[in-house]
Every structure is written in structure tokens, then in C-alpha cells.
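There are 2 protein chains.
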Amino acid sequence: MIQTKIIPPRSGVAFILRKGQRLRVEDVQGEQVSDFVCFNLNDKAEYLSSGRTIDYADTIFLTTGHNFYSNRSNIMFRMEEDTVGRHDFLLTPCSEDTFRIIYGHEKPHRGCFGNLLAALEPYGIKGDQIPVCFNIFMHVDVDGRTGKINVLPPKSKAGDHVVIEAAMDLLVGMTACAAEKSNNFSFKPIGYQILE
Amino acid sequence: MIQTKIIPPRSGVAFILRKGQRLRVEDVQGEQVSDFVCFNLNDKAEYLSSGRTIDYADTIFLTTGHNFYSNRSNIMFRMEEDTVGRHDFLLTPCSEDTFRIIYGHEKPHRGCFGNLLAALEPYGIKGDQIPVCFNIFMHVDVDGRTGKINVLPPKSKAGDHVVIEAAMDLLVGMTACAAEKSNNFSFKPIGYQILE
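From first to last, the protein sequence lines are chains A and B.
For the first sequence, full-length UniProt numbering begins at 1 and goes up steadily by one.
For the second sequence, full-length UniProt numbering begins at 1 and goes up steadily by one.
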């Protein structure tokens, strides 16, 4: 059996996902978000693009069957399974600035941004290269009339998961999200498995 | 009187907007979109961020009074006037790939992406640095329940405009949009003025 790796609460990891490999991301305890970003392993200026992906999918809610595109309009991965059906692709990772501006914290946590950067830096990624992430299990309510957004507790329960399949060799960054509102004010781990 | 500069249909420009200067963008004939992007003139790795801006404004529809943030969470500009009230901040500029993938064109136009790149390249900007744009006057319907998006004709009429005020020295790229659906299938110019 393939071992499930654990991302501890409020932390992040980076790893390589080869073309054709599948990644299973599991909400181990429920109501926990994972910020996900990826780069073309062989040319890291090519990155996951919310704008291209939403434009080609004709929806802001990506799920099973959708292709995820890079800024160069190449398919980076495809979502193969999704037991939740609600994720966010509008927002940047929480950061020191998020905690300062939105939460008013005086000694802010480095957030998913800082965790992604720490994990991705050894692979040559700089902070300015971290774009809008695909925020797995994040539940952002959008009012189509007013535009108003509202961060709600995730719809995911313990054991819920998504599976994506890489369409190119990817450098992946992923977190167990560090922002209170995103996770219903309780920080939990995220599990993942790389399947051949 | 300050002269109005004209961006001809399906083309783009780049220029410098100094801190404190105001930029007036006018839909000269009505129903025409302008893709807008900007960079910190003094450190061009800092760029306009849809994800930061939406997160801090709590809305996907930005208008008068909203601050627009960079990827580093600094305020780049503030919207001072808006006679339309509906713009898009979800999508990347139309490109050769957009015309190929969405429109099925065999000899695709270079789109706003190509026009922005041509205008910004002399300032040292590369294609991979062009992010999700603030698409002035673009009318993207969003269904908050299903997530489905639909590009509709702009709500702007001849003479409608927005005014923004720069909060730092900016390198600005701006187009008269080249995509059929965005402009109700008729390509028109965009006017702009730099006000002190």
C-alpha cells in the first residue's frame, strides 16, 4: 500500500510530480484547505494560471474533468477525482500581509505564502513567482450579482480527496493552510500520496 | 485642455504613470474593453495582483474607492471614478492561444497578450510576467451557484470612463481589446488621458 505523507498544520512541502503520475490530496480530518501551486519542472517561468484555466473551462469552480492550464496555455494537469466539488481559484495564498491587513495581527504568521516560499526556494523559486493558487477544499462564496466574496468553512469531511494527473513534469508546492477563516478556525494536517 | 490619446482597435500601448498622477480611461464609442496591467516602475518583479486585490476588497467587482494591490500587498493605485461599475479581474488577456482554443481560429491574432508584450518589451517585460489583467469595461457574468462564467457585451456607453490614481510610480500596459466576444463583435478604440 502506498504510504500517505502528512503536511503538518500551518506548514508546506514541495516535490516533483512526473508526467503521468497522479497526486491524491486528502483532507485527513475535514475542513482543512491546501494551497496548491505548480511550475513546469523544466522551465519554471511557466506556472499554473488561474486566468487561463478559468477562461478555458468557462467556470470559476474547477472539478473532475477540468484541465488546468499554465500561463503559456499548456495543460499542466487534469483533475481525475473530486469527492468535494468546491475549491477556490481566485485568491493568493495567505501571507504576513494577509494576517496584517485582514486579521489585524501584530506578529503575523508567514502564512501559506511563506510556507510555499520556504519549500520552493531550494528549487529556485522566488516569492514574486508565487501566483494565485488553486486552493483545494477552500470554500469561497461568490455573489454573482454584487461580486461580494465570503470565506466559509470547507465542505470537505474527513477522508474527502481530489486526484490530479500531471500532463507535464511538475514542481509542486502545497500547504496545510494557515489562515483561520479558511479552515473554520482550527488548523489541521493535509495528506497526500503520489500514485504511479 | 489635455489631449485624449487614442489606442486604435486591436492594439496596445505602454507608458509611465508617476505616483500621484491620475489616468482617465475612456470608452470612446461604447462596448469596448481595455486590458490593463501595471508594474512597479522601479522594480518590475512587483506587479498588479488580482488575487491580493480581490482578497483585500472582499469582492470580484472592483470600482470607485477600491485599492488595487501588488503581489507584494502594496497599493499600486486606487480607483477614483467609475461611470460603469462593471469590469473583470478574473481573466488573462486574449492571446493566440485564446483564439485557437476558444474561437477555433486557424490563423489567430496575437490578441491583447501579444499587444501588451509588444508595448511592454522595450521596458524589459517578458511574456511570462504578464498576469491576470484588470479588464476595464469587460462584462463577465458569474453564476455564484454553479461558477459558470459568460462573457457579455460591456455595459459601457460612449464617453463612459474610469479614473485611477497611482500610489507608486507605475509602468502601465493597456489595450483596445482584440477579442470578439468581449466587445460585442466590433473592434473600437480606447481613449486615455494622463491628468496631473
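Just to be clear, a hint being listed does not mean it is correct.
For identical chains, the list gives no copy identity; a pair is met inside one copy or between any two copies.
Straight line, CA to CA, 25 angstroms or less: simulated SDA-like cross-link-like pairs of lysine to any residue [unchecked claim]: (1) Lys-181 with Glu-196; (2) Lys-155 with Gly-124; (3) Lys-155 with Arg-18; (4) Lys-148 with Glu-81; (5) Lys-107 with Gly-191; (6) Lys-19 with Phe-187; (7) Lys-44 with Gly-127; (8) Lys-155 with Asn-40; (9) Lys-19 with Ile-101.
Hints are computed from structural coordinates only; laboratory data are not their basis.
Now the hints, each set against the structure:
no., hint, result
1, Lys-181 with Glu-196, "neither (35 angstroms within a copy, 41 angstroms between copies)"
2, Lys-155 with Gly-124, "neither (34 angstroms within a copy, 44 angstroms between copies)"
3, Lys-155 with Arg-18, "neither (30 angstroms within a copy, 45 angstroms between copies)"
4, Lys-148 with Glu-81, "between (29 angstroms within a copy, 20 angstroms between copies)"
5, Lys-107 with Gly-191, "neither (28 angstroms within a copy, 45 angstroms between copies)"
6, Lys-19 with Phe-187, "neither (32 angstroms within a copy, 41 angstroms between copies)"
7, Lys-44 with Gly-127, "both (13 angstroms within a copy, 13 angstroms between copies)"
8, Lys-155 with Asn-40, "neither (30 angstroms within a copy, 38 angstroms between copies)"
9, Lys-19 with Ile-101, "between (39 angstroms within a copy, 22 angstroms between copies)"
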